[in-house]
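Turn these sequences into a full structure, and let the hints guide you.
2 protein chains.
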Amino acid sequence: MAEVLKTYLKDRCKVVDKALNGFLPETRIRPVTVHEAMRYSIFAGGKRLRPILSLAAAEACGGDTENTLAPAAAVECIHTYSLIHDDLPCMDDDDLRRGQPTSHIKYGEGVAVLAGDALLTIAFEILAQTPPTKRYDVGAYVSELATASGSRHLIGGQILDLEGEGSDIQLTPTQLKYIHESKTAALLTSSIRLGGMSANATPQRLEALTSYGKSLGLAFQIIDDILDVTQTSEKLGKSAGKDEATDKSTYPALFGLEKSRKEAARLTKKAHDALKLFGKQGQRLHEILDYLLDRDY
Amino acid sequence: MAEVLKTYLKDRCKVVDKALNGFLPETRIRPVTVHEAMRYSIFAGGKRLRPILSLAAAEACGGDTENTLAPAAAVECIHTYSLIHDDLPCMDDDDLRRGQPTSHIKYGEGVAVLAGDALLTIAFEILAQTPPTKRYDVGAYVSELATASGSRHLIGGQILDLEGEGSDIQLTPTQLKYIHESKTAALLTSSIRLGGMSANATPQRLEALTSYGKSLGLAFQIIDDILDVTQTSEKLGKSAGKDEATDKSTYPALFGLEKSRKEAARLTKKAHDALKLFGKQGQRLHEILDYLLDRDY
Chain A
14 MAEVLKTYLK
24 DRCKVVDKAL
34 NGFLPETRIR
44 PVTVHEAMRY
54 SIFAGGKRLR
64 PILSLAAAEA
74 CGGDTENTLA
84 PAAAVECIHT
94 YSLIHDDLPC
104 MDDDDLRRGQ
114 PTSHIKYGEG
124 VAVLAGDALL
134 TIAFEILAQT
144 PPTKRYDVGA
154 YVSELATASG
164 SRHLIGGQIL
174 DLEGEGSDIQ
184 LTPTQLKYIH
194 ESKTAALLTS
204 SIRLGGMSAN
214 ATPQRLEALT
224 SYGKSLGLAF
234 QIIDDILDVT
244 QTSEKLGKSA
254 GKDEATDKST
264 YPALFGLEKS
274 RKEAARLTKK
284 AHDALKLFGK
294 QGQRLHEILD
304 YLLDRDY
Chain B
14 MAEVLKTYLK
24 DRCKVVDKAL
34 NGFLPETRIR
44 PVTVHEAMRY
54 SIFAGGKRLR
64 PILSLAAAEA
74 CGGDTENTLA
84 PAAAVECIHT
94 YSLIHDDLPC
104 MDDDDLRRGQ
114 PTSHIKYGEG
124 VAVLAGDALL
134 TIAFEILAQT
144 PPTKRYDVGA
154 YVSELATASG
164 SRHLIGGQIL
174 DLEGEGSDIQ
184 LTPTQLKYIH
194 ESKTAALLTS
204 SIRLGGMSAN
214 ATPQRLEALT
224 SYGKSLGLAF
234 QIIDDILDVT
244 QTSEKLGKSA
254 GKDEATDKST
264 YPALFGLEKS
274 RKEAARLTKK
284 AHDALKLFGK
294 QGQRLHEILD
304 YLLDRDY
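So the protein lines, in turn, are chains A and B.
Under this note's numbering, the very last position in the first sequence is 310; numbers go up by exactly one each time.
Under this note's numbering, the very last position in the second sequence is 310; numbers go up by exactly one each time.
Rather than coming from a laboratory, the hints here were simulated on the basis of the structure.
Please note that the accuracy of each hint is not assured.
The list cannot tell twin chains apart, which means a pair is met if one copy fits it or any two copies do.
What the hints assert, rightly or not - Below, in silico cross-link-like pairs of lysine to aspartate or glutamate (DMTMM-like), each with a Cα-Cα straight-line distance of 20 Å or less:
#, residue 1, residue 2
1, Lys119, Glu49
2, Lys31, Glu49
3, Lys31, Glu271
4, Lys31, Asp108
5, Lys147, Asp307
6, Lys119, Glu178
7, Lys119, Glu176
Quick look at the structure:
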């Protein structure tokens, strides 16, 4: 990775962490348990990809970082809640996440359910603090995030994932693409769109960001699938090969590794192309894409 | 109950049901399972107390029902999600709700968690459709509902409830009051406030509605506690005496039945008093209070 991007990501990560720290209730506020559990999962070493994409999209539209802190923090809260609930015994039943005990292992299932609920709820409380622009008001921000994380997209993907698990029926490519679009691409796209919206993006630019986000999101999920097959638990910080072990359909399972790698590369190119109208302002978004593709898959 | 109020409640119930039916995705929309589960719990025979209070509060402020349908539906979605998650095996572990199998009994735990998440999420999607007024914008509506249903209030109360369950330590009256305020009064108060806000309530009227809501909410919870001790499962449609069996602290357990009844009556009077500045426009809110107190406790 280019040194300049490395510095950028590190710096943006700090900006996001500081914002999250400011938005989340302190642990001394009662009930202490829920606030501890919320912070435990939020500060568990995530890469902050979604909020960084919000900030980079806002920059590409000439926006001020300050105005994008709220949507950036909000999308990270949504992402983290979905991981907490996804890890529950009644869902994926994962004990480890980023090498650390998952929320229900650390705090018990009841608290984990409620900590997830609380992060989902506070996401909207935080989002409502985003300054409106000429083109977008708080209603537009809230509709955007609620749709992307609702029953037709993020949650919808998890339902299909849950229904497919342990089932002997192989998913069709169309079904798998639908799950990936819902589970991963929808929130990534929304993170990027919210960044653009908070920077008063023109409809044309918002459209371009949407196309960039969708291609990036699909590529990102395919790469995750590939890494799950090719890497060890130690390196990933979660149980590798788990998807395969539970008969979950993945890109490599359906198409083989080589074809999956090519598809990830094709989508990445498509995402680059979508950025054309940003010219030099889109530089950072190009770099982030390359960084994502350069993950060792 | 007066015949006129009976007709009013029945009519408002229909208005709320119609709005909910319009706001929730149809079951033919995929993934079908999550939309079925959302509708199963939403249309499981709830009394619609919270949305009716939103509508009545808006009427008291001279508002139009049409402008309050979104917040009314939103608070019912929040209430229903909290019941679904509260009934989970890792929480209260209830098999029956209003005489029907709870969501996780009907659909399995994973789907129940996700259906709850989806109702929580759509609440904000719906709320964002509330028309802004001169005094309140969508940001104000979203902050209001997110705060009331967040970690410091609704979810906070459930955490404390969960922590208290099975514990030998008797709660203090202050702790119990805090749980009741968080678990029940916060969302009831917010339902009433959102009704007022959607009708452009003056700050003074919003303050009065808040006071009315808090007293009503506490009285309502105390009466629920009393009914749980005095009534049978059949009549309540849930497992009566359950709170006592699991050592959960309740008003009757701490203060005895007689004192609990007096406290409910005192709070109800306080709520009536808060309505003074509405004059005749507050008539419906007075009637609803009487109706709540008139429950056979």
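Tested hints:
1. In this assembly of identical chains, the alpha carbons of Lys119 and Glu49 lie at most 20 Å apart only when taken from the same copy (11 Å versus 33 Å across copies).
2. For a Cα distance limit of 20 Å, the shortest separation of Lys31 from Glu49 inside one copy, 17 Å, qualifies, whereas the shortest one across copies, 40 Å, does not.
3. In this assembly of identical chains, Lys31 and Glu271 lie within 20 Å of each other by CA distance neither inside one copy nor across copies; the values are 40 Å within and 52 Å between.
4. Proximity of Lys31 and Asp108 under a CA criterion of 20 Å is satisfied in neither setting, with 28 Å inside one chain copy and 43 Å between copies.
5. In this assembly of identical chains, Lys147 and Asp307 lie within 20 Å of each other by CA distance neither inside one copy nor across copies; the values are 38 Å within and 51 Å between.
6. Within a single copy, Lys119 and Glu178 get their C-alpha atoms only as close as 25 Å, which misses the 20 Å cut-off; across copies the closest is 19 Å, which meets it.
7. Within a single copy, Lys119 and Glu176 get their C-alpha atoms only as close as 27 Å, which misses the 20 Å cut-off; across copies the closest is 15 Å, which meets it.
In this structure, the hints that do not hold are numbers 3, 4 and 5, in rising order.
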